[in-house]
Each structure stands twice: as C-alpha cells, then as structure tokens.
Amino acid sequence: MASVGRALRVALGTLATVFLCLYPATTAGATQSATLGASFTPYRLGAPTTVGLSLQIQAPAGQIPSALTEVEVRYPQNLGWALSGLGLAVCSPATLEAAGASGCPANSIMGGGNALAELRFGPQLVSESASISIARAPDEEGHIALLLYASGPSPVNTQILSPAQLLPAGPPFGGRLNMQLPIVPSVPGAADVAIVSLRVTLGPLGLTYYEQTEGNTLAYTPKGILLPTTCPRGGFPFAATFSFLDGSHPAARTIVPCPDLRGRRHRGRH
Amino acid sequence: MTPHHHVRRRVTAALCGTFVAGCIATATQSPHASAYAAEPGARAHAAHVLSATDTAHLHYVSSSGSLLFDEGKATGTLPGSMRVHLDLGTTFTGTFTIYASGGSIEGRGSATPHGSGTYESFSGTLTVTGGSGRYAHAHGHGGLYGTFDRDNYALVIKTTGSLSY
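The listed protein sequences correspond, in order, to chains A and B.
Residue numbering for the first sequence follows our numbering, beginning at 1 and increasing consecutively.
Residue numbering for the second sequence follows our numbering, beginning at 1001 and increasing consecutively.
In short, the hints are calculated from the structure, not lab data.
Beta carbons: idealized from backbone N, C-alpha and C, even for Gly.
Be aware that one or more of the hints could be misleading.
[Said to hold, decoys possible] In silico lysine to any residue, SDA-like type, Cα no more than 20 Å apart, as pairs:
1) B:K1158 with B:T1095
2) B:K1073 with B:E1106
3) A:K223 with B:H1141
4) B:K1158 with B:H1114
5) A:K223 with B:D1149
6) B:K1073 with B:S1062
7) A:K223 with A:G37
8) A:K223 with B:S1062
9) A:K223 with B:N1152
10) B:K1158 with B:H1141
11) A:K223 with A:R233
12) B:K1073 with B:R1083
13) A:K223 with A:R44
14) A:K223 with B:S1063
15) B:K1158 with B:T1112
16) B:K1158 with B:F1069
17) B:K1158 with B:G1143
18) A:K223 with B:H1057
19) A:K223 with B:R1083
20) A:K223 with A:A47
21) A:K223 with B:G1117
22) A:K223 with B:T1129
23) A:K223 with B:A1154
24) A:K223 with B:S1081
25) B:K1073 with B:V1156
26) A:K223 with B:K1073
27) B:K1158 with B:S1081
28) A:K223 with B:L1067
29) A:K223 with B:S1064
30) A:K223 with A:Q77
31) B:K1158 with B:Y1099
32) B:K1158 with B:E1106
33) A:K223 with B:K1158
34) A:K223 with B:F1069
[To be verified] Estimated spans, in silico, between C-beta atoms of each pair:
35) B:T1125 with A:P172: 23 to 33 Å
36) A:P188 with B:G1115: 36 to 46 Å
37) B:T1125 with A:I183: 36 to 46 Å
38) B:D1151 with A:Q58: 41 to 51 Å
39) A:I183 with B:H1057: 18 to 28 Å
40) A:A99 with B:G1117: 39 to 49 Å
Could you build the full structure based on these sequences and the hints that come with them?
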C-alpha cells in the first residue's frame, strides 16, 4: 500500500486523477450527502441473483467530498449468501497486492464493479475511474472476509486494497457489509482523493468458476445469491452508513420493490 | 442410547443431540442432575439421562433465500432420521426434529461458520426443547459441529451433549 501511495503522489504531481477514495482538505466546511441504490439481477423470487449496490456521494457545487473512510451496507434478511456457491477459494491480501485480481484463484472472486474518484488539481476537478474486483479472503475473527481490489490504470496507475466483512445485523436486516476504505493522498497541500461513486456487484454475473472432474477442468457459472420465494412487505430494505474523514456520518436507505407478480404469472402462462 | 439412571423426582436426563439430528449417547448420570432438579418442569417427570455423540448425514430438500431444509439419517446413540430447517446467515441458526424409535425430539441450535471452500465447517450449541412419544418431555443441551457442502447443500452434523427425557 505504501508503494501505491508513493506512486500515486508522484504521478499526481504532473497529471491528475486517482481512483478510489476520497477528500480534499481544501473543502473545509463542505458537507456531503450520500445516496444508496440496490438491485437484483436477475430479479425472480426463489431464484439466484446478483446483488448490485450503488453508492453516490455529492458535495456542494464546485467542491469535492471529504475522504470516505468506511461504508457499511445493511442488506435484507433471507438472502442466501451461503447457498450462492461464491467464494469457494480464498485470495490473500499479499496475492492481491502482488499480482492483482488475476493472481487470485478464479473461484475466490465474488463480484466486481467500478469506482469514480475526484481530485482537485489546482482549480480543476479531475476524475478517474477504477475497476473493482471482490475476492473472498481468509476469515477474520469468525466473520466472512472480503477484499475489494481497485485498479485504475489511467491516467495514473493505481491499485488500492480495501478489507471488508460480512457481519451480523438486527432485523429487518440479515447482515451488513462493512468496507474499510484507505485514504489516498493526492498532491502535497491538496485534499485527499475523494470517492464520489462506487458501484459493486456480488454474484455470478460475469464470473466463471472452475472445477476438476475426473481429471478435466470444467468451467461453470456459480449459482448466485438465492432470493427468498416471498417478498417482504414493502420490499427488500437496504441501508448504508458512510463515515467521512471530516467526522460526518450520513446515512441512506433504499428498497428494492417487490416484483410485479401479475406480470410474472402472465409470463409463466406462455 | 442406553438410559441407565432414574433419578427420583429429578430429571437429570440428558440428551445430547444432533443439531437437527439425533443425539445422545451413552447413558451416564448427568453431572448436571442437580441443576435440572431445580427446574419445576423437570421435576414433574422422572427422566433418563444420556450423554451421547451422534452424527447426521443430511441431504438437500429445498431452500428459499438463506433458509435451507435438509433431512437424512442420524446414527449414534439416538439413531433415526432428522429434519433440519436452517437460516444460513452470518451465523447458522435453525430448528431440528429427530425421529427416533418411540418418539421425536425437537430443538434449536446456532453455529458459527468457519473458513471457506466447498466444505464450510461450523460449530455451536444446541438446545433440546421437547418432543413427542417417549421424548415428550425431552430437554437438554449440547454442542454441535459439522460441515456444510456449498456445492450440493448437504450437511454433516455431529453432536455431543446430554439429554433428559
């Protein structure tokens, strides 16, 4: 991580950009707000799905948000993570740092996504996007651990590793995804890099796993996170708490509405 | 399962159980006898006390979201069949029914999953809450551990503990 930070600062000395994380120290007094989006793809009750999460952070016009240090997303009860067939292998932080997501076992990858970060470079706001891979990591203190590996190849080649865990949560939630986000310094005297958008998916969408059968290697798509056969009243609730370097902790909620069962039954008749 | 001890006006029965599976083992006088004796419900029925170790091999029946329904055979002190309804959340929680000779045993349990891979291990505790037939007044506590096959959703559950009935 230290080498990543050094490379980043050097590169930003001439160019701009960065990928994950957060905040311009020059935005003192700025307050940010955050929104949360969630989705199931495909969305069929009783069927496996990929869970999508979208986090958007907005700062006052012309400013960039404070550095995001932690995000905790609470997800609905009765989502079948354990039945998903995802994360059958683990990838270590050392492997990710040394070789990136491509160095991890394919069966350790549980999802992906992208992030958009902003950096103030002189009077300009510069953006950089990064792709994200989510890998299953060795358990931590009895909890399922994940690693978010973000890689922004251009204009600055940046890699960032963020630990995450699946933790218990009280009703109406079934658990919470806790993500710790490192602070990424920018150029000297300027604010840290600010994440303004984070979109991740957890599920089989775009993933290929492999298994050994009688000496042959077979590729397959993991099953996915199993949705319950019934939709909770009011839909599937999600909630997020954001922690920023400036000490603010905005929260956001969203609901994935129950599917249109009339349409589902209609399609089922044909 | 060899009940071997009747404790007059006491229940010292012990059972052990399989999370959802059967349990109990060798009947030995429970060291918890005095504790059970303090329980009014327990005093109402003379009991057998068993300590046991059992293993259940369960196969997938159905699932919905994080809820899993498995059933299969239990072997050991209380041989029979077992049905388990589990909520596979960040911790595994669920209920079980063991159908043994002469009646059924019901209970609940919770366990913490460990590690990753196709076979995910777990460990926790179980509580026997009742039953039917000769086990109508069953109660007890035990430990459970086992593995969950993330490929075919099969469970292997091993239990140790004591059972009173």
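We went through each hint and held it up to the structure:
1. B:K1158 with B:T1095: holds (15 Å)
2. B:K1073 with B:E1106: holds (15 Å)
3. A:K223 with B:H1141: Not satisfied, since the Cα-Cα distance of roughly 36 Å exceeds 20 Å.
4. B:K1158 with B:H1114: holds (15 Å)
5. A:K223 with B:D1149: The given pair, whose Cα atoms are some 14 Å apart, holds under the 20 Å limit.
6. B:K1073 with B:S1062: holds (17 Å)
7. A:K223 with A:G37: The given pair, whose Cα atoms are some 23 Å apart, is violated under the 20 Å limit.
8. A:K223 with B:S1062: holds (15 Å)
9. A:K223 with B:N1152: Distance of about 11 Å is within 20 Å: holds.
10. B:K1158 with B:H1141: With Cα atoms ~14 Å apart, K1158 (chain B) and H1141 (chain B) stay inside 20 Å; holds.
11. A:K223 with A:R233: violated (26 Å)
12. B:K1073 with B:R1083: holds (9 Å)
13. A:K223 with A:R44: holds (14 Å)
14. A:K223 with B:S1063: holds (13 Å)
15. B:K1158 with B:T1112: Cα-Cα ~14 Å, so holds.
16. B:K1158 with B:F1069: holds (17 Å)
17. B:K1158 with B:G1143: holds (8 Å)
18. A:K223 with B:H1057: violated (23 Å)
19. A:K223 with B:R1083: violated (24 Å)
20. A:K223 with A:A47: Roughly 9 Å separates the two Cα atoms, so the pair holds.
21. A:K223 with B:G1117: This hinted pair holds, its Cα atoms lying about 15 Å apart.
22. A:K223 with B:T1129: Violated, at roughly 35 Å.
23. A:K223 with B:A1154: Roughly 16 Å between the alpha carbons, so the hint for K223 (chain A) and A1154 (chain B) holds.
24. A:K223 with B:S1081: Since the Cα atoms of K223 (chain A) and S1081 (chain B) sit roughly 29 Å apart, the hinted pair is violated (cutoff 20 Å).
25. B:K1073 with B:V1156: holds (10 Å)
26. A:K223 with B:K1073: violated (27 Å)
27. B:K1158 with B:S1081: holds (14 Å)
28. A:K223 with B:L1067: holds (16 Å)
29. A:K223 with B:S1064: Distance ~14 Å between K223 (chain A) and S1064 (chain B) Cα, so the pair holds.
30. A:K223 with A:Q77: Holds: K223 (chain A) and Q77 (chain A) sit about 19 Å apart, inside 20 Å.
31. B:K1158 with B:Y1099: Holds. K1158 (chain B) to Y1099 (chain B) sits at ~16 Å (cutoff 20 Å).
32. B:K1158 with B:E1106: Holds. K1158 (chain B) to E1106 (chain B) sits at ~16 Å (cutoff 20 Å).
33. A:K223 with B:K1158: Distance ~27 Å between K223 (chain A) and K1158 (chain B) Cα, so the pair is violated.
34. A:K223 with B:F1069: holds (18 Å)
35. B:T1125 with A:P172: 23 to 33 Å: holds (26 Å)
36. A:P188 with B:G1115: 36 to 46 Å: Given a distance of about 44 Å, which is inside 36 to 46 Å, the answer is holds.
37. B:T1125 with A:I183: 36 to 46 Å: The hint (36 to 46 Å, Cβ to Cβ) holds, given that T1125 (chain B) and I183 (chain A) are roughly 41 Å apart.
38. B:D1151 with A:Q58: 41 to 51 Å: For D1151 (chain B) and Q58 (chain A) the Cβ distance comes to about 43 Å; the hint holds.
39. A:I183 with B:H1057: 18 to 28 Å: Given about 50 Å between the Cβ atoms, the range is violated.
40. A:A99 with B:G1117: 39 to 49 Å: violated (21 Å)
Hint violations for this structure: numbers 3, 7, 11, 18, 19, 22, 24, 26, 33, 39 and 40, all remaining hints satisfied.
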